[in-house]
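Novice: Given chain L, work out where chain U with the ligands should sit, using these hints.
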Amino acid sequence: MAYLRPTDLDDALRALAARPLVVLAGGTDHYPARVGPWSKPPADEDIIDISALSPLRGIDETGQGWRIGALTTWTEVIEARLPKLFDGLKLAAREVGGAQIQNRGTVGGNLCNASPAADGIPPLLSLDAEVELRAAGRSRRVPLADYVLGNRRTARRADELLTAVHIARPRHEARGDFLKLGARRYLVISIVMVAGVIERGPDGRVASARIAVGACSAAARRLPLLEQALAGQSIEARLADRAAPAHFAPLAPIDDVRGDAAYRREAAVTLTRRLIGRLAS
Amino acid sequence: MSAPLRFRLNGRAVSVSVPPARRLTDVLRLDLGLTGTKVGCEAGDCGACTVLMDGRQVCACMVPAAQAEGTEIVTVEGLAADGALSALQRAFARHGAAQCGVCTPGMLMAAQDLLRRSPSPSAEAVEDALGGVLCRCTGYRKIVDAVLDAAANRPPGNPFDDPAPRAGRAVGARIARVDVVPKLTGTEKYGDDVAPDDALWLRAVRSPHARARFSIGDLKPVHARHPGLVRVLTARDVPGNNGYGIYPTIKDQPAIAADEVRYRGEPVCALVGDRDTVLGIRDDEVPIAWDVLPPVAGVAAATAPGAPALHAKLPDNVLTKGRLQFGDPDAAMAQADVVVEGDWETGFVEHAYIEPEAGYARRVGDRIEIHACTQSPYMDRDEVAQILGITPDCVRIAPSGIGGGFGGKLDLSVQPLIAVAAWHLGRPVRMAYTRPESMAASTKRHPAVMRGRWSAARDGSLAAVEFVGDFNTGAYASWGPTVANRVPVHASGPYRVKAARALSRAIHTNEPPSGAFRGFGVPQAAVVHEGLMDALADALGQDRLEFRLRNALRAGDTTACGQVLKHSAGLPACLEALRPHWLRLRAGAAEHNRSAGNGRAAVRRGVGIGCMWYGIGNTSIANPSTMRVGIGADGRVTLYNGAVDIGQGSTTILQQICADALGLPVDRIAQVVGDTDRTADAGKTSASRQTFVSGKAVELAARSLREKLLRLANVGPDALIAVEGSTLLLTEGDVRRRVDLASLPAEGTDGDVLTGHGSFDPPTSPLDADGQGVPYATYGFAAQLCDLEVDLALGTVKLRRFVAAHDVGRAVNPTLVEGQIHGGIAQGIGLALMEEYLPGRTENLHDYLIPTVGDVPPIDVILVEDAEPLGPFGAKGIGEPALVPTAPAILSAIRDAAGVTIRKLPALPHRVRAAIRAAQGARAGEPA
Ligand SMILES: Cc1cc2nc3c(=O)[nH]c(=O)nc-3n(C[C@H](O)[C@H](O)[C@H](O)COP(=O)(O)OP(=O)(O)OC[C@H]3O[C@@H](n4cnc5c(N)ncnc54)[C@H](O)[C@@H]3O)c2cc1C
Ligand code: FES
Ligand code: FES
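Chains L and U, in that order, are what the protein sequence lines are.
Residue 1 is where the first sequence starts when you use my numbering, and the numbers rise one by one after that.
Residue 1001 is where the second sequence starts when you use my numbering, and the numbers rise one by one after that.
Pulled out of the complex, with its shape left as it was, chain L reads as follows:
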């Protein structure tokens, strides 16, 4: 059982290239997955702990927009000085577990774990984020929508690390928002969550809108028909009325202990309308 904790990114990537390793960041998905029904075998696995890789830390503003390092914690997202564009991501960050989880859980871990209920994914979809994946001698950028493939499935190859998330600067004044529905106040897995960004054109109309819904399909989904329906509309309270059930066709909710499919579908519409209403106010 090996446990590597490199401080150099290239060392880390070389180690990953050499053999399969379990990546460990903040550990908030890793450890809970290792509590068996009645046993907790000390997992027989080789681990690469990436927490000491400083290039993966922090949020920076770049020429094109922003770069969020994969190791950025949810608390760092909450405390960062960021424009209103990021309000949805910040609200989501406040809803990831409790303060202990926010202090340790990372943005990269949330995207790589890729739970259908991952609260980080809808806001980052609504920010049109791209993920940066690096392997020894290689680097690529993939739109988040193409990265998360399904329930705990991503496009990450075994030798790659997710190193950062990139968000382009919007052309217009933009605002983000996020709404989460759960059966209790704190520490709750989402039944449904909705994130959105609306860019306001100089004419006071929707220059562009991006809306994403989570926990209603194997991977969170953008709603392109709704986004098109919103584009060009004037930003006022009645904007929410534009959302029609047909716009939600991409969703394929399931029944589980938290809610049934019909409820999820309906709640997604309700929450989305409320979110648009808030963004338009």
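Worth double-checking, as some hints may not be accurate.
Only some residues are given here: those of chain U computed to face chain L with a beta carbon under 7 Å [what the hints assert, rightly or not]: (1) ALA1066; (2) GLY1131; (3) LEU1849.
Which stretches of chain L does chain U cover? Using the computed rule of at least three CB atoms under 8 Å from a CB of chain U, they are [to be verified]: (4) 182–196; (5) 236–245.
Just so you know, these hints were derived from the structure itself, not from any lab.
Ideal placement from N, C-alpha and C gives every residue a C-beta, glycine not left out.
Specialist: Here is chain U with the ligands on its own, set in the frame of chain L:
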């Protein structure tokens, strides 16, 4: 193993060689011996393991040791600098913010993080900071108050900081718990904190199937592969009777299943060895051949014709039936002006105490000693004795600290396994359940399928009431008969009725054994009687509170058991105290609904009410408590108290009673608590009985000692007693006498020179075939109001406030009584809104939701003290009464707000929304 791990711990540098992926909780607790940091789930869900890492709160259970390298870690042990409690710890003590105390280290660390960052936070910021730490006992409000109070840096001199009250003033005083300091400093030792270093570890291999036959194959290969495996125990290794159970005649639950399992989670063998070995062996390495059979799930399946019988002795799967018949219910129903009826259904509810079951056993010669968390030391003693085939006096139960129980630690858990292992191996053996194991293996609240029919005359007086309920008692009897017997007595609610019929059955299924859970079936039945009281009030056009008041049982009334209540029936006083709040809250809700009401308003407010009564102590059977108080040659007074304190506060309450009955200040009394070698049988900590029954026994014991002291000095009953060193001072008017205690001969094993004994068994009588008799000597009464809002479009419920009025006879310690009420309400919230245990699906604390700090709204408590002459200083009980009216009040408020009656609990958002849709007849796919 790599280079040693180095970090700073509570201000000191430490260095320790551990595997780098090891959880920081294990490093702290096992490698460094600091057990103040608790483990409740190892999955981030409970926050009991919260520590500060570089100044920020984190769950130590998810921090790899390697990441602690070079950091600064602060644990609860680091809070009380130089032995003095911090302002935060003192505030916790004052407010009663620690009950069982197992969440307290995590709460303190989370609060510490906040206060360092934000010295005067808002209540909302406190809730955000504590949102990741679960507490099952307190209902959180007193914790939030304590943090706000610590932040406010209150000047000294507030009432809670007073020194112990003077002699004769202890009962009624808000003293801090006498056992609070270890809970605040992390030195309290719970079940998993007590084992000696050389103990072997035991882990059970449990059935993944709900119903199966099995055989265990050759174990040699497992032994060969794992040299650290010392022994695998199977049913064949149980030396005595391989069966246990609450009832003397029903020992149906095997310590280790022999060849058949009846529920998922039943132990089939136990691995004993070093920790890494037994935790590291995968279940599929143990050669078990399963013959999986279709399980019987739910009471309908279990009672269907041809259903397989779980136990050969019970071919129809019916364990017990309960019955009550009073008056002529058929005639009274036929004559009534208004009849309402309805069905309700509740699910399995998990106790979810934050401390999973744990402890260790060791063999001492021909005796076995068990140090584990429990609610019933004497029953454990007798059960372990018959499992080992030894006499009860060869068993010593010395309970560890108990991190919550709520009925779930009344049944055996780790005890039979560690006892059998230690007995054979002659070495100490320890075991701690994992959270999923605790949830799968332990007992649950009985799911109930219930139907009620209630009627009234037009003038608003109740006529006949009928109740039929089937309770899913799961695979083994546990407390099923108790539930089946208690429910019919309570099914008519705290009301005067002309006639009643109540029928209940406890039915076996291949599901977890349902046992005792705060209220023994009464909380489920209360959903029915209160739902129908609302329906009747509405049908009669009467106010829901006034209708209840009109029918409330009063002293002098006859219950549906034919029992005449002579005293202490305070429901009318509770309702009258609530009336102004009822009117105010209802006006507020109406105002909100009007002003928001243009037809599109998504959020509607409502106010609900729930009432209850609850018999204190066991139903119609003996449940004595025996107590002893002694004074030593050195003047030290000791209460030998066999009542274990599971967090509810009996240790403190009994000491207060002892002090006043004896006439000494409360801080003069020491205690020995719940050790079967040193304390007499005080009965179980259940049925809300310890204040009433054991309290009375303490009072009698202390009075008897007092009489002996007075007689010694030949002074009258009103003499004042004081102890100075080994000198007893007695003052009666001008007469002052001194007695040198050191000159008296010691009596008994504990070296006391004088001892008082007290015993109390509440007077009851057996119930006849119609359930008529005197099932309980006294009853608690209560009514609660709930103010909430329902989001009609989403079906979500947001609680705004509770007002709870409880007749407790006498509040021996109002802070602790409030704490019970707050905690009961929190569990009632869970029952009503979110808790649903589904075997195999919600076996952890992220799929099984219990209320967090943000889910319990402000609670106003009104204490009504209608003294019970039988009780100590007039006191009755509060533990279970606190929870019973909560779910009914919530459902009543949902009905008020949204116009729908929720018939299947919990009222999860999708269920509430479905009810609203059905009521609105809304078109599918079109949200409101
Ligand atoms: C009590 C509790 C509550 C929670 N509540 C929420 C919630 O409300 N909403 C929510 O969305 N999540 C929640 N989570 C899940 C979790 O906290 C988040 O998903 C978090 O962001 C994970 O980050 P981490 O760094 O801890 O991940 P880790 O556990 O370290 O890793 C998660 C997974 O991602 C992989 N990985 C991590 N980083 C990288 C990387 N840079 N490159 C490649 N692979 C990587 C790991 O191999 C692992 O499979 C909760 C967890 C707990 C314990
Ligand atoms: S033990 Fe760490 S959160 Fe429960
Ligand atoms: S006091 Fe919080 S769990 Fe017991």
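Novice: Grab the minimum C-beta distance from LEU1849(U) to chain L and call the hint holds if it beats 7 Å, violated otherwise.
Specialist: holds (5 Å)
Novice: Mind taking a look at whether chain U covers the segment 236–245 of chain L? Criterion is 3 or more residues with CB to CB distance under 8 Å.
Specialist: With 1 residues closer than 8 Å to chain U, the segment 236–245 of chain L misses the three-residue bar; violated.
Novice: Does ALA1066(U) hold up as a contact with chain L if the rule is Cβ-Cβ below 7 Å?
Specialist: holds (5 Å)
Novice: Quick check on GLY1131(U) please, does its C-beta sit within 7 Å of some C-beta on chain L?
Specialist: Because about 3 Å separates GLY1131(U) from the closest Cβ in chain L, which is inside the 7 Å limit, the hint holds.
Novice: Are 3 or more residues of the segment 182–196 of chain L near chain U, judged by a Cβ distance of less than 8 Å?
Specialist: holds (count 8)
Taken one by one, the earlier hints fail for this structure only at number 5.
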